[in-house]
Amino acid sequence: MLEQVKTLEQEALSAISSVGDFAGLENLRIKYLGKNGLISELAKNIATLSPEEKPKFGAAWNEAKNKVNNLLREKQQEFSAKQVEANLNKEFIDITLPSGGCKRGKLHPITQIMEELIEVFKKLGFSIAEGPDVESDYYNFEALNIPKHHPSRDMWATFWINDEKLLRTHTSPVQIRVMEKRKPPLAVIMPGRVYRRDSDITHSPVFHQLEGLLVDKNINFGHLKGALTAFLHGVFGANKKVRFRPSYFPFTEPSAEVDVECVICEGKGCRMCKNTGWLEILGSGMVHPNVLRNVKLDPDKYSGFAFGLGVERIAMLKYGIDDIRLFYENDLRFLRQF
Amino acid sequence: MKIPIEWLEDLVDVKSKPEELAKKLTLSGLETNVADNGKVLEVDILPNRGDCASVLGVAREVAAVLKIRSPKSEILNKSKIQKTKKITNKNIKVEVKDKNLCPRYMARIIENVTIKESPEWMKKRLELAGYRSINNVVDVTNYLLHELGQPMHAFDADKINGGKIVVRKALEGETIVTLDGVSRKLKKEMLLISDSTYPVALAGVMGGKISEVSDSTATVFLESAYFNPISISKTSVATKLRSESSSHFEKGVDYEMVEEALNRAAQMIAELSGGAVAGYKVDIKAKPKKKKTVELRQARIDQILGIHVPIKTAQMILARLGFKKLKQDKNKLKVLVPSWRENDVEQEIDLIEEVGRFYGYDKIAPNLPTVRDYEGKDSLSYGLIKKARTVMVDQGLYEIQTYSLIDPRHASDSAIKVYNPMTIEESALRTSMLPGLLKVISHNLRHQVDSVRIFEAGRLFLPAEIEMLAGAIVEEGAGFFELKAIVENLMQELRIDLEIQPSINKNYVQGKSADIISKKTKETLGSFGKLVPEIQELWDIKPEIFAFEISFDKLLPSIQSKIKYVPLQKFPKVERDLSMVVPSGVASQQIIDVIKKTGGEMVEETFLFDHYKDSQAYRIYFRDENRTLTSDEVNQNFELIIKALGAELGVKIRQ
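Protein chains in written order, with the numbering used here: chain C, 690 to 1027; chain H, 21 to 675.
Careful, some of the hints might be misleading.
[To be verified] Calculated cross-link-like contacts (lysine to aspartate or glutamate; reagent style EDC-like; alpha-carbon spacing at most 16 Å):
{"#": "1", "chain 1": "C", "residue 1": "906", "chain 2": "H", "residue 2": "322"}
{"#": "2", "chain 1": "C", "residue 1": "811", "chain 2": "H", "residue 2": "398"}
{"#": "3", "chain 1": "C", "residue 1": "812", "chain 2": "H", "residue 2": "370"}
{"#": "4", "chain 1": "C", "residue 1": "792", "chain 2": "H", "residue 2": "414"}
{"#": "5", "chain 1": "C", "residue 1": "990", "chain 2": "H", "residue 2": "368"}
{"#": "6", "chain 1": "H", "residue 1": "437", "chain 2": "C", "residue 2": "853"}
{"#": "7", "chain 1": "H", "residue 1": "406", "chain 2": "C", "residue 2": "948"}
{"#": "8", "chain 1": "C", "residue 1": "811", "chain 2": "H", "residue 2": "62"}
{"#": "9", "chain 1": "C", "residue 1": "930", "chain 2": "H", "residue 2": "382"}
{"#": "10", "chain 1": "H", "residue 1": "254", "chain 2": "C", "residue 2": "843"}
{"#": "11", "chain 1": "C", "residue 1": "792", "chain 2": "H", "residue 2": "368"}
{"#": "12", "chain 1": "H", "residue 1": "459", "chain 2": "C", "residue 2": "1020"}
{"#": "13", "chain 1": "C", "residue 1": "854", "chain 2": "H", "residue 2": "485"}
{"#": "14", "chain 1": "H", "residue 1": "43", "chain 2": "C", "residue 2": "948"}
{"#": "15", "chain 1": "H", "residue 1": "406", "chain 2": "C", "residue 2": "710"}
{"#": "16", "chain 1": "C", "residue 1": "795", "chain 2": "H", "residue 2": "414"}
{"#": "17", "chain 1": "C", "residue 1": "870", "chain 2": "H", "residue 2": "62"}
{"#": "18", "chain 1": "H", "residue 1": "397", "chain 2": "C", "residue 2": "819"}
{"#": "19", "chain 1": "C", "residue 1": "872", "chain 2": "H", "residue 2": "393"}
{"#": "20", "chain 1": "H", "residue 1": "312", "chain 2": "H", "residue 2": "370"}
{"#": "21", "chain 1": "C", "residue 1": "963", "chain 2": "H", "residue 2": "62"}
{"#": "22", "chain 1": "H", "residue 1": "437", "chain 2": "C", "residue 2": "948"}
{"#": "23", "chain 1": "H", "residue 1": "407", "chain 2": "C", "residue 2": "1020"}
{"#": "24", "chain 1": "H", "residue 1": "437", "chain 2": "C", "residue 2": "822"}
{"#": "25", "chain 1": "C", "residue 1": "812", "chain 2": "H", "residue 2": "485"}
{"#": "26", "chain 1": "H", "residue 1": "459", "chain 2": "C", "residue 2": "1018"}
{"#": "27", "chain 1": "H", "residue 1": "406", "chain 2": "C", "residue 2": "852"}
If you are wondering where the hints come from, they were derived from the structure by calculation, not from laboratory data.
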């Protein structure tokens, strides 16, 4: 009986190895290990064996059963895998074919930059205020310490509507409007369209500015530097050098122009930065006491800083655009690039 | 302004290389570049620092930056007149009628001059500074204007009628022929220099042609004055005449320099022309000017700059700039404002700026402020517009930005017009978003961009400023329903309940357009549809244009801001489909309304799910909140609906 077990084992293993499909496999399983299978049957005669032969036979029989089961399982897995592969192959498609169209549109690059700039200030705790495009001489100039007939008015080429109304030349008038409505502490940014009588490759009669104002007790120039440095790092990268240069605006004193290390040449000097290695980004300064007095704030009690930047300019620097008029031409081949 | 370095050296020891000096000046507030191969410093004069608009002014800044003395003493000595002759036959009487507009008027006479070319050294300096050399007398005035910042004017004394000079306001309509040969009509507020008969100069702006120095001039009447800055500015703007002189006077010149410059000029003219300075001298002043003093507090310096700068340091900085110390203790400093800074230094903050810029902005450490503004809220329209933009982008539209200034032909008659536009095509504030959209469509089609899907969020000026959202689609296969989807998506995102009605807006084709009505406020929020062919023709756009215009201002009150959760239904719904043939003239909304009205509470929802020509198929969901409906109940209700549709709308149900 021992030889029978061993013979059957070989036979079964050989048959299973060469079987071709699930059905054949199942047949073999039934033939050898089914209720009346050939190997199963053998165990029924174990009673006829002597006590010395029984354990030998038992061991051999178990071994045979296990070997056959293992091979059956292996083959089953093999067939399963082949089946899955066959199924997948039926599903094959050319994945490089076009998807049916990129259906989303895009925000205008000016909007994109504006939102990016606004985000940086929102993180610092500023909220957003807006003001009208059509302004009065008072809000656009006089309240900002720019009296009538003052030579500093030359700094802004103005579009006039009549003797008292004009198109705002900067977003600064909104500072006055905010301060008239609310008392400090104030942290506000003011985006918007502004208008200047100037048109060439880097100047547009209509363009966008972002203005900011922080007024509280004990705000000083160090805070101005802190906030604006954080802003410029947020926009251009934390590794870019920033410098503050004394300048003049009628509505701030001390005033500063803020430069960032040229993003094109990294400070070495190029056409974009006129070989200085620096790009002028922001105008800023401590709010002038006259301006605070105009909105009925005591300059000895309150102080603050204000700043402004041209959004188109930043977009042009960031994206390498050389003609401002492209923003307003709205050619889709241009708009798609951002 | 061009400052030849070799000239600058006359007044201050320029110790550094031009590039280094330029950098130092720039970092302390005077933006400077090196030009003409290192021979010239090009300086940007800030509007409040008229005192820098001269070689002397720049020299003072250089001295302050380099911490040395300026001007050099040699130059100061040149202002002293050497031996004047007794007056012989020239005596011109000067009267200043308006001392407010002319607080100081000075004059000297130089006799026996010979007009000829200026010496080479002077011509060279003038050329580098950007001036044209004219003759030895006029050149001296230009030379000293550039060197000292004091404008002066030389008259031919023999051409002055009646031996009289009057400084007065013009009479309305008076005329003068200026140096450029143009006859100008004057207004009564303008300040004039006049002789006994005619105006001889437009004070501070330009001299007159008749009395100008010419080759035959033998006696020079030299004027040096302080004119009221606002008066000069107004005159300059009104006559559209700008000169180096007016530019200096507008910013306010140095009251003390009026005399120093005059003396120096008279001396130079005498030397260069072989003449002699006469004993004649005029100095007419308004009531004596009070010296300006300003106090500077230690606490305030620290508070504004954010760094402790000891009063002693501040005093040294200010002294170098010419501010003489009057009183000083640990907490306070009182200084005398030098005459050349009287125009821009008014109060304590002006001194703090001087201290700050020379102490060095770079020494102040950046310090992120604690923002304590908790009341600040974003403007409502900002958030709304931002959301709307996102929905538009999701719908496949590209955002455009067009000018607010448009051609008046495309704006309403009552549009706000700009008084001084750059071009007529950009002279009216827009009253509709359509012209901007159409211009962009036209541009893109002409550049072979065939599919144009755009939107703009911008302001209209009606004249009230209102925010609008408008867009357009020009694309093969695009139609009304694409716009409807965009509008519905937008309204859903903004939580606005709307209904649509045929549009009454004349820009849109009747029958292919709709007005959007807010269910909450009953207001018309906007319109959308196909634009009329007239618009296509006007803009030369061949394909059909589908557009929409929505008012943001009207959207805000329509927003359903309260969201309340409705519990999910526990009991199952029963579904029934209804196919029908719809007679023409019956709108889908009418069918839905009948189904809902007839079906009552049991009809949870109904919608069109298929249609082809006049066949339509609707799905109806029946459901009761509190129990499972029986099929009998549903069938009964369904039959009622079918009957009602037939009776009320003449619809033919297909089995």
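### Message
residue 459(H) and residue 1020(C) were given as a pair; does the straight-line alpha-carbon distance stay at or below 16 Å?
### Response
holds (11 Å)
### Message
Please verify whether residue 406(H) and residue 710(C) have alpha carbons no more than 16 Å apart.
### Response
violated (63 Å)
### Task
For the pair we were handed, residue 930(C) and residue 382(H), check the Cα-Cα distance against 16 Å.
With Cα atoms ~12 Å apart, residue 930(C) and residue 382(H) stay inside 16 Å; holds.
### Message
Against the 16 Å threshold, does the CA-CA distance of residue 254(H) and residue 843(C) hold or violate the hint?
### Response
holds (13 Å)
### Message
Between the alpha carbons of residue 795(C) and residue 414(H), is the straight-line distance 16 Å or under?
### Response
holds (8 Å)
### Query
Taking only the CA atoms, is the gap from residue 406(H) to residue 852(C) under or equal to 16 Å?
Violated, at roughly 35 Å.
#### Entry: Given pair status - residue 62(H), residue 870(C), alpha carbons within 16 Å
Violated, at roughly 44 Å.
### Query
Keeping to a limit of 16 Å between CA atoms, is the pair of residue 872(C) and residue 393(H) held or broken?
holds (10 Å)
### Message
So if I understand the rule, the pair passes when the alpha-carbon distance is 16 Å or less; does residue 792(C) with residue 414(H) pass?
### Response
With a Cα-Cα distance of about 8 Å, the restraint between residue 792(C) and residue 414(H) holds, given a limit of 16 Å.
### Query
Taken at face value, is the distance from the CA of residue 370(H) to the CA of residue 812(C) at most 16 Å?
Roughly 33 Å between the alpha carbons, so the hint for residue 812(C) and residue 370(H) is violated.
### Given pair status - residue 948(C), residue 437(H), alpha carbons within 16 Å
At roughly 37 Å apart (the allowed maximum being 16 Å), residue 948(C) and residue 437(H) break the hint.
### Message
Hint check: residue 811(C) vs residue 62(H), CA-CA at most 16 Å. Holds or violated?
### Response
Answer violated: residue 811(C) to residue 62(H) is near 40 Å, above 16 Å.
The earlier numbered hints that this structure contradicts are 3, 7, 8, 11, 15, 17, 22, 23, 25, 27.
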